[in-house]
Amino acid sequence: MTVELFVQYLFAGITYGAIYAIVAIGFNIIYNTTGIINFAQGEFVMLGGMISISLLPYLPLTLAIAVAVLVTMIFGALLEICFIRWLESPSVLRMIIITIGLSILTREAALHIWGESIRSLPYFVGNEITTVAIWGARISPQVLWVIGACGLMVLFLSLFFQTTSVGREMRACAANRKAAILCGINTRNMVTLSFVLSAGIGALAGCVMSPITSTEYSIGTGLAIKGFTVAILGGLGNSMAAVGAGLLLGILEAFSISVLPLAFKDAIAIAILLVILFVRPHGLFGSATAAGLKEF
Amino acid sequence: MKKLLPLAALVLIVVTVQIITEWTDTRFYLTQLTMSAYYALLIIGLCVVMGYAGQISLGHAGFFAIGGYLSAALTTHNLVAYQNSALIRMLDGLGVLVSGQDIYGDALIAVTPWAACAVAVVSAAVIAWILGIPVLKLKGHYLAMATLGFGIITYRIVLASEYFGEADGISEVPAFQLLPGLAVSGDFGAREENYYIAWGLLIIGMILLRNLIDSRVGRALRSIHGSEEAAASSGVDTARFKLQVFVLSAVFAAVAGVFLTHYNGGIGPSESGVMKSVRYVAIVAVGGMAHLWGAMIMGVILNFLSLRGVFGSYDDAVFGLILIVVMLFAPNGILSLNWRGYAYMIFRLATARKQSGGKTDGPA
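Listed in order, the protein sequences are those of chains A and B. All the letters of the first sequence, read from the start, carry residue numbers 1 to 296 under the working numbering. All the letters of the second sequence, read from the start, carry residue numbers 297 to 660 under the working numbering.
Calculated directly from the structure, the hints in this document are not laboratory data. A portion of the hints provided could be inaccurate.
[To be verified] Distance condition first, Cα-Cα at most 20 angstroms in a straight line; then the derived EDC-like pairs of lysine to aspartate or glutamate:
{"id": "1", "chain 1": "A", "residue 1": "178", "chain 2": "A", "residue 2": "88"}
{"id": "2", "chain 1": "A", "residue 1": "265", "chain 2": "B", "residue 2": "612"}
{"id": "3", "chain 1": "B", "residue 1": "433", "chain 2": "B", "residue 2": "533"}
{"id": "4", "chain 1": "B", "residue 1": "433", "chain 2": "B", "residue 2": "510"}
{"id": "5", "chain 1": "B", "residue 1": "572", "chain 2": "B", "residue 2": "612"}
{"id": "6", "chain 1": "A", "residue 1": "265", "chain 2": "B", "residue 2": "458"}
{"id": "7", "chain 1": "B", "residue 1": "299", "chain 2": "B", "residue 2": "510"}
{"id": "8", "chain 1": "B", "residue 1": "572", "chain 2": "A", "residue 2": "88"}
{"id": "9", "chain 1": "B", "residue 1": "572", "chain 2": "B", "residue 2": "464"}
[To be verified] To give an idea of the interface, some chain B residues facing chain A are shown, with a C-beta separation under 8 angstroms as derived from the structure:
{"id": "10", "residue": "378"}
{"id": "11", "residue": "423"}
{"id": "12", "residue": "426"}
{"id": "13", "residue": "430"}
{"id": "14", "residue": "433"}
{"id": "15", "residue": "434"}
{"id": "16", "residue": "441"}
{"id": "17", "residue": "455"}
{"id": "18", "residue": "570"}
{"id": "19", "residue": "572"}
{"id": "20", "residue": "610"}
{"id": "21", "residue": "613"}
{"id": "22", "residue": "617"}
{"id": "23", "residue": "623"}
{"id": "24", "residue": "626"}
[Unchecked claim] Using C-beta positions, here's what the derived DEER-type ranges look like:
{"id": "25", "chain 1": "A", "residue 1": "116", "chain 2": "B", "residue 2": "533", "range": "30 to 40 angstroms"}
{"id": "26", "chain 1": "A", "residue 1": "285", "chain 2": "B", "residue 2": "458", "range": "56 to 66 angstroms"}
{"id": "27", "chain 1": "A", "residue 1": "285", "chain 2": "B", "residue 2": "525", "range": "21 to 31 angstroms"}
{"id": "28", "chain 1": "B", "residue 1": "378", "chain 2": "A", "residue 2": "135", "range": "44 to 54 angstroms"}
{"id": "29", "chain 1": "B", "residue 1": "376", "chain 2": "A", "residue 2": "118", "range": "20 to 30 angstroms"}
Glycine residues also receive a C-beta, built at the ideal position from the N, C-alpha and C atoms.
Please build the complete structure, drawing on both the sequences and the hints.
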C-alpha cells in the first residue's frame with residue numbers, strides 16, 4: 001500500500017471515527033446522568049441534518065445549521081420532559097425500551113414528513129470535487145470540517161464539564177445521584193440538560209457530515225449501533241475513551257474495505273467488538289470494578 | 297388440573313377459530329394466524345430468557361434466520377454437479393437426499409426437509425452454545441450490545457453471501473412432509489392442516505416451557521433473575537442454567553424459522569434484521585416479561601395485526617407507540633394490569649351513582 005493510499009484510508013477512517021465518537025459521547029452524557037442508553041441518539045443526528053436541509057432554501061447555511069441544532073435540542077428536551085422525567089424510579093430495562101420506542105416513532109415521523117428521498121447539505125467550501133493535498137492524498141475540505149467540528153465539540157464539552165458550575169453539577173449527578181440531591185442539585189433538571197446537550201452535539205454532527213454521507217430518514221439506527229459499539233468499546237460513561245475508540249473503529253472499518261467486500265464492513269467492526277468484549281468485558285478502557293458496581 | 301385448564305381453553309379457542317372461519321368463509325385469516333403462531337413460538341422462547349433468566353437478547357432474529365436460511369438453502373440448492381463425489385453418495389446412502397426435477401425439468405438433487413431441519417436446528421443450538429459461553433458472562437448494556445452484534449453479523453452474512461441468495465433471499469423452498477399426508481406448505485388447499493400444525497407446535501412449546509418453569513430449573517432461573525450473586529452463593533450453577541435456557545430459546549427460534557420458511561416457500565434477509573429482534577423483545581415486554589401466556593397472546597395478536605396490514609404504512613410507528621405506552625403505564629405488561637380491580641371499580645362507581653341518586657330522601 002502506497003503512502004498516498006494509506007493516508008487516504010486514514011482520513012476516511014478518521015472522518016467516520018469522529019462522527020461515531022460524537023454519537024458515543026451523546027450516549028455517554030445521558031448514561032452518566034441517568035444510567036441508561038438512549039437509543040434515540042442516532043435520531044438526533046438524522047434530525048439535525050434533515051431540519052437544516054429543509055431550512056436551507058430560506059436561510060443562509062450557518063443560520064440554517066444553528067436553527068436545526070436549536071430545534072433538535074428543544075426536541076431532546078421535550079422527549080425527556082414528556083417520557084422520562086415523571087417516571088418514579090423506573091427500571092433500566094423499562095427506560096431502554098422506552099427510548100427504543102421513541103427512536104422508532106421519531107424515524108417513522110421523519111419518514112412521513114420528509115419521505116424516503118436521500119438529501120444532503122451543500123459542501124461548506126467548494127464542491128464535490130474540490131480537494132486539498134495532504135501527503136499526496138486528495139482530501140475533501142468537508143472532511144476537515146467534520147474533523148474540526150468534532151474536535152471542537154470534544155474540547156468544548158471537556159471545558160464545560162471541568163470548569164463551569166453546571167458542568168460540575170452534572171458530573172456530581174453521574175458520580176452519586178443521592179449525594180448530588182443532598183447537595184441541593186436539581187438532578188431532574190440535570191437529566192433534561194443532558195438530553196439537550198446530547199441532542200445538540202448529535203444535530204451538529206448530523207449537519208457537518210451531511211455533505212459527505214448524505215441524510216435520509218433511516219440513518220439514525222445505523223449510527224446509533226455504531227455509536228453504541230464505540231461507547232461500549234471505550235467503556236460506558238468515559239467520553240475521552242469514546243474518542244479513542246471511535247477513531248479506532250473508524251480506521252479499522254476504513255482499512256477493512258481494502259481487504260474485504262464492503263458488505264462485511266459492519267460485520268468486521270462488530271466482530272472485533274465482540275472479541276474485545278469477551279477478553280475485556282468492561283470495555284477497552286473501562287475499569288472492571290466500576291463495571292461491577294453498575295446495576296445494569 | 298389447574299395447569300391443564302388454560303391449555304385446554306387454548307385448544308378450544310384454536311379449534312373454534314378454525315370452525316368460525318369455515319362458517320363465515322373467511323379462511324384467508326388462517327394464513328396470518330399460522331404465521332403468527334410461528335412467530336409466537338420464537339417469542340415464548342425469548343420470554344423465558346428475558347423474563348425468567350433475566351437476560352436480554354437483541355439477536356433472536358439471527359437464530360430464526362439461521363434456522364430458516366439453512367433449511368431453505370439445503371433443500372433448494374442443486375447438488376447434481378457433485379453427484380459423483382463420495383460425500384454425496386454417502387449422504388444418498390443414508391437416505392437424506394431427494395432427487396426430482398426443478399421447474400425447468402432439469403434433474404435436481406437436494407437434501408430432504410427432515411435432514412435439513414435437523415441440520416438447521418442443531419446448527420442454531422451449537423452456535424447459541426458457542427456464542428452463549430462468552431456472551432452470557434456479560435451484563436446489562438454489554439450483553440445487549442453483544443447479542444445485537446451477533447444479529448447484525450448474521451444479517452450481514454446472509455446479505456453478502458451468494459449461497460444465501462444475497463438481497464433476494466431464497467425462494468422455491470419445497471414443502472416439508474412431516475408425516476404422509478401432512479406437509480408444511482403454503483398450498484391454499486392445505487391451509488387448515490397448516491394452521492393446526494403451527495398451533496400444535498406452539499401448544500407443545502407452551503407445555504414444554506411451562507413444565508420447565510415449574511421445575512427445579514425454573515426456580516433456579518428465577519433466583520438468577522432476582523440476584524445472580526445470591527443464586528450463585530446458594531449453589532446454583534448460574535452460568536450453566538443461563539446457557540441451557542439460551543440454547544433452548546435459540547432452538548425454539550430456529551424451529552420457528554424452519555417451519556415458517558417452508559410455509560412461506562422462501563425467506564429474505566429482512567427476517568434477520570435488527571428491527572425484527574427489537575420487535576420480538578418489544579412483544580415480550582408488552583406481554584409482561586416473566587409472563588409466558590402474556591408473551592404468547594401478545595405475540596399472536598400483534599403479529600396477526602401487523603401481518604394483516606391493519607397498520608398500513610404506520611406499522612413500525614404503531615409498534616413504537618405500543619412499546620412506549622405500555623412501558624409508561626403498564627411496565628409489567630398489559631395482562632398484569634388489575635383488570636378485575638378496574639372492572640370492580642367501574643361497577644362500584646356505576647352502582648354508587650345510582651345509590652346516591654336514590655338516597656337523596658334518606659337521612660344525611
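Could you tell me which of the hints above the structure violates, numbers in ascending order? Failing hints, ascending: 2, 4, 8, 10, 11, 12, 19, 24, 25, 26, 29.
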